[in-house]
Each structure stands twice: as C-alpha cells, then as structure tokens.
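2 protein chains.
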Amino acid sequence: MTQELLLQPPLTSFSARMQQQIQFILELDKLKHVMRRSMLLDQSRTENDAEHSWHLCMLAIVFAELAGPDVNIARVIRMLLIHDIVEIDAGDTFIYEESPHAANQNMRENLAAQRIFGLLPDDLRDELWNLWREFEEKNTPDAKFAASLDRIQPLFLNYFNQGGTWARYGVSSAQVKDKQRFIADASQPLWEMVETLIADAVERGMLKT
Amino acid sequence: MTQELLLQPPLTSFSARMQQQIQFILELDKLKHVMRRSMLLDQSRTENDAEHSWHLCMLAIVFAELAGPDVNIARVIRMLLIHDIVEIDAGDTFIYEESPHAANQNMRENLAAQRIFGLLPDDLRDELWNLWREFEEKNTPDAKFAASLDRIQPLFLNYFNQGGTWARYGVSSAQVKDKQRFIADASQPLWEMVETLIADAVERGMLKT
Numbered sequence: 001m002t003q004e005l006l007l008q009p010p011l012t013s014f015s016a017r018m019q020q021q022i023q024f025i026l027e028l029d030k031l032k033h034v035m036r037r038s039m040l041l042d043q044s045r046t047e048n049d050a051e052h053s054w055h056l057c058m059l060a061i062v063f064a065e066l067a068g069p070d071v072n073i074a075r076v077i078r079m080l081l082i083h084d085i086v087e088i089d090a091g092d093t094f095i096y097e098e099s100p101h102a103a104n105q106n107m108r109e110n111l112a113a114q115r116i117f118g119l120l121p122d123d124l125r126d127e128l129w130n131l132w133r134e135f136e137e138k139n140t141p142d143a144k145f146a147a148s149l150d151r152i153q154p155l156f157l158n159y160f161n162q163g164g165t166w167a168r169y170g171v172s173s174a175q176v177k178d179k180q181r182f183i184a185d186a187s188q189p190l191w192e193m194v195e196t197l198i199a200d201a202v203e204r205g206m207l208k209t
Numbered sequence: 001m002t003q004e005l006l007l008q009p010p011l012t013s014f015s016a017r018m019q020q021q022i023q024f025i026l027e028l029d030k031l032k033h034v035m036r037r038s039m040l041l042d043q044s045r046t047e048n049d050a051e052h053s054w055h056l057c058m059l060a061i062v063f064a065e066l067a068g069p070d071v072n073i074a075r076v077i078r079m080l081l082i083h084d085i086v087e088i089d090a091g092d093t094f095i096y097e098e099s100p101h102a103a104n105q106n107m108r109e110n111l112a113a114q115r116i117f118g119l120l121p122d123d124l125r126d127e128l129w130n131l132w133r134e135f136e137e138k139n140t141p142d143a144k145f146a147a148s149l150d151r152i153q154p155l156f157l158n159y160f161n162q163g164g165t166w167a168r169y170g171v172s173s174a175q176v177k178d179k180q181r182f183i184a185d186a187s188q189p190l191w192e193m194v195e196t197l198i199a200d201a202v203e204r205g206m207l208k209t
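Protein chains in written order, with UniProt numbering: chain A, 1 to 209; chain B, 1 to 209.
Rather than coming from a laboratory, the hints here were simulated on the basis of the structure.
All residues carry an ideal CB built from backbone N, CA and C; glycine is no exception.
Be careful, since some hints might not be right.
[Unchecked claim] Now the in silico label distances, taken between C-beta atoms and shown as ranges:
1) Q8/B - R17/A: 53 to 63 angstroms
2) Q8/B - Q188/A: 16 to 26 angstroms
3) F94/B - K208/A: 40 to 50 angstroms
4) E195/A - P189/B: 27 to 37 angstroms
5) N130/A - P189/B: 21 to 31 angstroms
6) P189/B - R168/A: 46 to 56 angstroms
7) N130/B - T196/A: 44 to 54 angstroms
Chain A with its partners taken away, still in its complex shape (with noise of 0.2 angstroms):
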C-alpha cells in the first residue's frame, strides 16, 4: 500500500524533492523492526534500533558536560539519530561477534547506506552520508564522544540487567575494555565510570575475568 501511494497523485504532484523527503520517512519506520541483542531493563524483550538511537540522544544530553570542549553536542545528536539507520538493510552485528557475517559488516553497511541515504535529494543525501562515515571512522571529537555513548548504554543496560549479553555470550571483560578503551579519549570521567562499572561486573560474575 505504502509503495502503491508514493505512484498515485497527489504524491506525484509534489515536487520531486518532497517525494524523495517522504519516501526515505517511510523507509525509515523499517529501524523500528531491527533488533539489538541488548535486553530492556525490564527484561521484557530485546531492544530495536530506532529506541537505541533515542536513547543515545538521551545520554547525549544528560552527559554533555562530560565531553571535552570542542564537542558540539547538537552534532553528536544528528549523527546519533542517523548511525544505525544502515542496519535497515545490514541487519545489527553483535560487537563481540566473529563470523562471516561479522566479517562483510562493512561493505554491507556501506551498501546500505547507498541504497537508504540515497532515496534523499542529493545534498541530504551527502550531508548524512558524511556524518554517518564521520561516525564510523571515530576521529573527530564530535564522532568519539558519539561512539563512546553508543558503548556506554548497552553497558548500562548489561550492568543492570544481571550481566545482559556478557552473561549471556559468555563475553569476557578485557574484550569489553577492548572495544571500550578509546573512550578515555573521548570523556575521562566517562571512561572512569566504564571502568569502575567493568571491574565491578566481574566481582559480581556479570562478566568473565
């Protein structure tokens, strides 16, 4: 039905920039169908995309004071909102995963976003491919402060779930600090906090030695 409109007046009497404005909208609704393996704190189900970028936003607002002082927060938030929105066609890849699956990520996503950021007229188009590269390549402070609150919550919502997917894939704590270290870049205080929560996960058996 969705597709069938986009064909039919009066949609085709819009202005073909609108077409394409409405289009990627409701291509979007798709995040809300991709699951993470990160648990709700209630441990009711599992979490989709669009939530998970919310709630990023979310941490990017109360821990904004965290981020060093050439961190523009509204720029995190937009690059937040977009950073998952390549899983529509990737599918989430769990972080700790090794697979095939795993291995291909990055052309998968880069397919994706050809295929999602391009139903955008051409200059959104660039704009949010940029910022979502900007984001994976984590090397401008806007885009480290990003991927640190990308860490941060599922940790909160490992930590506060007995152990979450750590308990769960059975993940051991040098492979969290792994994936989490570069965060002592992004916010020290931040990273304290990651650290004193990891080693307390595993004085608790959340997570292994």
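Assemble the complex: chain A is given as a structure, and chain B must be docked to it using the hints.
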C-alpha cells in the same frame, strides 16, 4: 536489580550528580514500553513512544528547510527527544479521545514531569522542564515547528496505512484539520502537503467527511 545496584557501591561512590544522571537514563528505558495508537507501516504492531520520538527527529532533519528562518532545528530536535518522556507515568493520550482520562491529561503530565525530570540535578531538571513546557504551550517558532512534526508523522502512518487510526476510530476530516491547522503558522509548505493528503484520504474513504 536496577534499583538495588543504584544503592550499593560502586554506584554510591560516584558523585551525587552522576548518580542522578544515571538514574534518569535508566528510568528512560520505560518509554520503550509506552504504546501509542498508531500502527507501524507493516501493520505488525503499534509504535512506542521511544521509536516515535526518534522518527520525529528524523522528520526535523529532513524537513528542516521547510521551517521559518527563526527556527533553531537543534532546539527542535531536543524538544522532540524529550516531549513524550512524561508519558512514562501519564501514559499516551489519544489525540481524538474525549474521556475522563483525556480530561485530566495536563494534571497527570505535570505530575509526571515533576517526578521524572526531578530525578536529574537541578540545572538539567530545569532545562528539560522548560523545554517540555515550551513544546506543550506551542507559542514559540521552535515549539510550533516541533509540534507540527508531531502531527505529521502519525498522519503519514495513517495515510500510508489504509487510514490507520482514522479508519479504526472513525475520525473525521474536520477533526483532523482542527488538530493540524496550527501547522499553517509553522510551515506553509508542510500545511499544503497535509491539506492535500487529508483531502485525498477523504476521497479514498480512509477518513470520514
């Protein structure tokens, strides 16, 4: 488990401010359970508030150019991120509902805002409270544009879903226009799009006259 860990070391060794920030972030997880009336486009289930909030932010990014020059899109996005948090306590109120539940919506939402934003340190509490009140009162250009997107997203979910909640609850085009008319004041191009889709929805029998 969540509440217990907040009351034990090492959490109790964190600054009071960080403890409050973490508690607020954990509380927000509940927004993923607040269900709205709108169905997702694949009709598999209704949408929740966290997903809805994320989707609205994406409309803000994509339709930013249709806002007036006095609109600050970064502020609009912050407003949209927090606008439904009160529904953790107050629940979602269907926009066309007339009931005792709908009648005391303001009171319920004010109490919810006091409790939930009140989990935060005072400065953050005041910032989010003021942003939420501004959204609710729809008097500023930012709030009018944010509220417009909050109407347009469910309109898309209805129009591209065989009428969705309009058809299910027997809503009339006059009711829809009445709730959406203020969009004309926020963005003339968005209002023209909305009027066109409403008229076509009537033609297609998705919406009563």
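Here's how the hints hold up against the structure:
For the pair Q8/B and R17/A, the beta carbons lie near 55 angstroms from each other, so the given range of 53 to 63 angstroms is met. Evaluation of the 16 to 26 angstroms hint for Q8/B and Q188/A yields a pass: the beta carbon distance comes to about 24 angstroms. For the pair F94/B and K208/A, the beta carbons lie near 48 angstroms from each other, so the given range of 40 to 50 angstroms is met. Roughly 50 angstroms separates the CB atoms of E195/A and P189/B, a value that falls outside the hinted 27 to 37 angstroms.
The supplied range of 21 to 31 angstroms is met by N130/A and P189/B, whose beta-carbon atoms lie about 26 angstroms from each other. As the Cβ distance of P189/B to R168/A is approximately 49 angstroms, the hint placing it in 46 to 56 angstroms holds. A hinted range of 44 to 54 angstroms for the beta carbons of N130/B and T196/A is inconsistent with their spacing of about 33 angstroms.
Hint check: violations occur at hints 4, 7; the rest are consistent with the structure.
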